[in-house]
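Below, each chain spelled out in residue letters.
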Amino acid sequence: MLDVAIEKQLAHFTLHMSFQAADEIIVLFGPSGSGKTTVLNCIAGLTNPDEGHIRLNQRALFEAEGKTLPIQKRHIGYLFQDYALFPHKTVWKNIAYGMKNESLVLDLMRELRVEHLQQHYPQQISGGEKQRVALARALATAPDLLLLDEPFSALDDKTRERSHAELLRLHRMWKIPVILVTHAKQEAEKLGDRILYMEEGALQSNLPK
Amino acid sequence: MIMPDVNISPLWLSFKTAAIATVIVFIIGVFLARVMARNHFFGKSVVEAIFMLPLVLPPTVVGFGLLVIFGKNGPLGSILETVFDMQIVFQWNAVLIAAVVVAFPLMYQSATAAFQQYDANVEKAAYTMGASKWRVFWTISFPIAWPGLLSGLVLTFARALGEFGATLMLAGYIPGETNTIPLAIYFEVQAGNTEVAAFWVIIIIALGFSAILWLNWWSKRNMMRYKSNSR
Numbered sequence: 005m006l007d008v009a010i011e012k013q014l015a016h017f018t019l020h021m022s023f024q025a026a027d028e029i030i031v032l033f034g035p036s037g038s039g040k041t042t043v044l045n046c047i048a049g050l051t052n053p054d055e056g057h058i059r060l061n062q063r064a065l066f067e068a069e070g071k072t073l074p075i076q077k078r079h080i081g082y083l084f085q086d087y088a089l090f091p092h093k094t095v096w097k098n099i100a101y102g103m104k105n106e107s108l109v110l111d112l113m114r115e116l117r118v119e120h121l122q123q124h125y126p127q128q129i130s131g132g133e134k135q136r137v138a139l140a141r142a143l144a145t146a147p148d149l150l151l152l153d154e155p156f157s158a159l160d161d162k163t164r165e166r167s168h169a170e171l172l173r174l175h176r177m178w179k180i181p182v183i184l185v186t187h188a189k190q191e192a193e194k195l196g197d198r199i200l201y202m203e204e205g206a207l208q209s210n211l212p213k
Numbered sequence: 009m010i011m012p013d014v015n016i017s018p019l020w021l022s023f024k025t026a027a028i029a030t031v032i033v034f035i036i037g038v039f040l041a042r043v044m045a046r047n048h049f050f051g052k053s054v055v056e057a058i059f060m061l062p063l064v065l066p067p068t069v070v071g072f073g074l075l076v077i078f079g080k081n082g083p084l085g086s087i088l089e090t091v092f093d094m095q096i097v098f099q100w101n102a103v104l105i106a107a108v109v110v111a112f113p114l115m116y117q118s119a120t121a122a123f124q125q126y127d128a129n130v131e132k133a134a135y136t137m138g139a140s141k142w143r144v145f146w147t148i149s150f151p152i153a154w155p156g157l158l159s160g161l162v163l164t165f166a167r168a169l170g171e172f173g174a175t176l177m178l179a180g181y182i183p184g185e186t187n188t189i190p191l192a193i194y195f196e197v198q199a200g201n202t203e204v205a206a207f208w209v210i211i212i213i214a215l216g217f218s219a220i221l222w223l224n225w226w227s228k229r230n231m232m233r234y235k236s237n238s239r
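As you go down the protein sequences, you meet chains E and L in turn.
For the first sequence, this note's numbering begins at 5 and goes up steadily by one.
For the second sequence, this note's numbering begins at 9 and goes up steadily by one.
None of these hints come from the bench; they were simulated from the model.
The beta carbon of each residue, even a glycine, is placed where N, CA and C say it ideally should be.
Treat the hints loosely; a few may be bogus.
What the hints assert, rightly or not - Some but not every residue of chain L turned toward chain E, in silico, with C-beta under 7 Å:
id, residue
1, Asp127
2, Asn129
3, Val130
4, Lys132
5, Ala133
6, Tyr135
7, Thr136
8, Met137
9, Gly138
10, Pro151
11, Ile152
Same shape as in the complex, but just chain E (with noise of 0.2 Å):
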């Protein structure tokens, strides 16, 4: 269970967010610059907020009045846009670079349909190839909580859709909350359990026709 209660100021406007998640697949959803990934960046603790707190089973992971437990020991997977892959290591280093026990990278490979990658290294795959690679990356530490941002923006049409699909059917494998930010409205609706609008930081309470 995600808690999430946070203020920060930002340049043009304050974020307020206030949500808790089970383990369910939970949307923020809104125009660019509405804050939705410094949302993200605050949960995985890349920045902090100015008030609040930030909690994961029972664990704090931010307390304005306390200690702010630091990224490395808050067990989340984060999928950046741009995936973000060591562009010096193969697929299987990248994928095994958070792991304690490199014998499960190979399932993990499995599950992703990545295993025959394994020896390229990220420029030589292709776009759809390497979102799954870095969401194979983001799940090999077992993290508690997933964090999506955008992961299906710079995906053609049809391994768009497969791509759904495939979070979903993981998603009832692994059964952790997931928090996912996107922009647009029909992949919010097809994938969240729980839509979140947020407009200039600020949650709204009706979606955008």
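Fit chain L to the known structure of chain E by using the hints.
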């Protein structure tokens, strides 16, 4: 060409100086570039301009500045003299200091560019996977930046090897002590030993040329592997 009767001590001296200066400049340059690339503070542009200053100033001006700082009555010179009984001016130390100072901007500039050219998210991704700052630096940042760092390394070595003006100001020309190849060339010409000077000129050209040739070859060979391709 008939080999002139040459004392080859300048070769050894130049090589030793350039090699040690390169190691020092590499460590300081990479460290400062790394710190500056990830931190923003008031007056950062001024600090960076100071770092780059030795590149644009005439070496004699750099030498004059170093003479003021490291001279017997200078702020650092007097401390080194009284505390460590160590003299800088007209010693080999002076050759090294001059080489470090004039070569530093080249390394700093290359390292800054190398740390800025890749996607900072790769480091963030590594942190989310539990890696410490130290591990991220050695396994992610450093290897990705390495081609840029290496070119800085070669330029640093070449610049340190060719340093003349600041060295002459700070270290003078003391045979066996501070007579690097560039100084030897100048003083051999002054003494009318054109053949000896020509010998050193050929050596310097050969060294500089092969360093750049090797770097180009190495970069081409490794381009495929290192070429980052975000999407």
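> At a threshold of 7 Å, is the proposed contact between L:Thr136 and chain E supported by beta-carbon distances?
Replying inline: Holds: closest Cβ of chain E sits about 5 Å from L:Thr136, inside 7 Å.
> Would the stated hint for L:Met137 survive a check requiring a Cβ distance to chain E of less than 7 Å?
Replying inline: 3 Å, holds
>> Hint validation: L:Gly138 versus chain E, beta carbon distance must be below 7 Å. Holds or violated?
In response: Because about 5 Å separates L:Gly138 from the closest Cβ in chain E, which is inside the 7 Å limit, the hint holds.
>> Please check whether L:Ala133 passes as an interface residue: C-beta within 7 Å of a C-beta belonging to chain E.
In response: Holds: closest Cβ of chain E sits about 4 Å from L:Ala133, inside 7 Å.
> Close enough to count: is the Cβ of L:Asp127 nearer than 7 Å to one in chain E?
Replying inline: 6 Å, holds
> If you take the shortest Cβ to Cβ gap from L:Asn129 to chain E, is it below 7 Å?
Replying inline: Hint holds; L:Asn129 Cβ to chain E Cβ min 4 Å, cut 7 Å.
>> Checking hints one by one. Is L:Pro151 an interface residue toward chain E, by the C-beta closer than 7 Å rule?
In response: 5 Å, holds
> How about L:Lys132: closest beta carbon in chain E under 7 Å, or not?
Replying inline: Constraint on L:Lys132 satisfied, holds at 5 Å.
> Holds or violated: is there a CB of chain E closer than 7 Å to the CB of L:Tyr135?
Replying inline: 4 Å, holds
>> Is the interface hint satisfied for L:Val130? The criterion is a beta-carbon contact with chain E at less than 7 Å.
In response: 5 Å, holds
> Would the stated hint for L:Ile152 survive a check requiring a Cβ distance to chain E of less than 7 Å?
Replying inline: 6 Å, holds
When each numbered hint is compared with the structure, no violation occurs for any of them.
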